[in-house]
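Sequences and hints are given; from them, build the entire structure.
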Amino acid sequence: MKRSIIHLTLAVVLVLSSCVHAGKQGTKAPESPRMIRVAIAPSALNAQKSYTLLPKAEELTEQDGAVLYNQAVQALPAQMNTKQLSEWRSMPLSQLPQAQVQALLQQAQASLDLVGRGTKCRSCQWPPFVPGTMPANLPEYRQLAFLLCVKARLEVAQGEYDKAIDTIRTGLAMSKHLGEAPTIIQGITGIATAALMLRPLEDLAQVKGSPNLCSALQALPRPLVNIEVPIAAEVKNLDTSSQYNALTRSV
1424 MKRSIIHLTL AVVLVLSSCV HAGKQGTKAP ESPRMIRVAI APSALNAQKS
1474 YTLLPKAEEL TEQDGAVLYN QAVQALPAQM NTKQLSEWRS MPLSQLPQAQ
1524 VQALLQQAQA SLDLVGRGTK CRSCQWPPFV PGTMPANLPE YRQLAFLLCV
1574 KARLEVAQGE YDKAIDTIRT GLAMSKHLGE APTIIQGITG IATAALMLRP
1624 LEDLAQVKGS PNLCSALQAL PRPLVNIEVP IAAEVKNLDT SSQYNALTRS
1674 V
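This note's numbering puts the first residue of the sequence shown at 1424, with every later residue one more than the last.
Hints in this document: simulated from the structure, not taken from any laboratory. Predicted model only: the values in this text are computed from it and were never measured. Check the hints yourself; a few may be wrong.
Said to hold, decoys possible - Result set (DSS-like, lysine-lysine): computed pairs, CA atoms no more than 25 Å apart in a straight line:
1. LYS1472 to LYS1543
2. LYS1586 to LYS1479
3. LYS1631 to LYS1586
4. LYS1543 to LYS1479
5. LYS1586 to LYS1472
6. LYS1586 to LYS1543
7. LYS1472 to LYS1631
Given below as structure tokens:
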């Protein structure tokens, strides 16, 4: 429980820091979820072709997703420009420097391929929670999420709508796997990943002639990332720890 409180406190500090930064920049601090203006151009539902935003049951393999995600992390380019990726994920689609984005994605292709395989695993056996430590590779999972978001945006800009949907599907599936991990901070990372993958969906919805994903969105589980799962897992692990069980029983 002590570790859980620390994790949640860190999350609050990060949010407050963002608000302070916004105030220094002369902008109003966010008081509600992000609001955007979207002019959608919905196509008619296609009865001949159905889309999904998570892998289908028949696509799943018996491999361990966590192993493949770890390999994806290890395969990331050494000098990944996360700041550049962050800018590309939020700039107007018409301003996206497609050649530069394509070049960077090419460098990370091995990691993206491994993530794609990981999301099609039936199970994801994350390493057990060790009290007093942080889960490994959280910054790298953030990089993978940025890469997937930018890749999907590029595919929308290029008119490759089916490829964009497949990339979005990969990101949402990874977010769901992260939400099944044994720590709260990993669950929060899963939620952030899912939020990132909805950005290219906003782009897609505004492109005339793009597929109608209404049914696919309705079919997503609610919640997609159930934060109660890692909360329960972390509390259970703390409770059975000889180091922390006395503390958790007293709270």
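To see whether the hints hold, each was checked on the structure:
1. LYS1472 to LYS1543: holds (21 Å)
2. LYS1586 to LYS1479: holds (16 Å)
3. LYS1631 to LYS1586: holds (17 Å)
4. LYS1543 to LYS1479: holds (9 Å)
5. LYS1586 to LYS1472: Holds, because 15 Å separates the two Cα atoms, which is no more than 25 Å.
6. LYS1586 to LYS1543: Since the Cα atoms of LYS1586 and LYS1543 sit roughly 16 Å apart, the hinted pair holds (cutoff 25 Å).
7. LYS1472 to LYS1631: This hinted pair holds, its Cα atoms lying about 18 Å apart.
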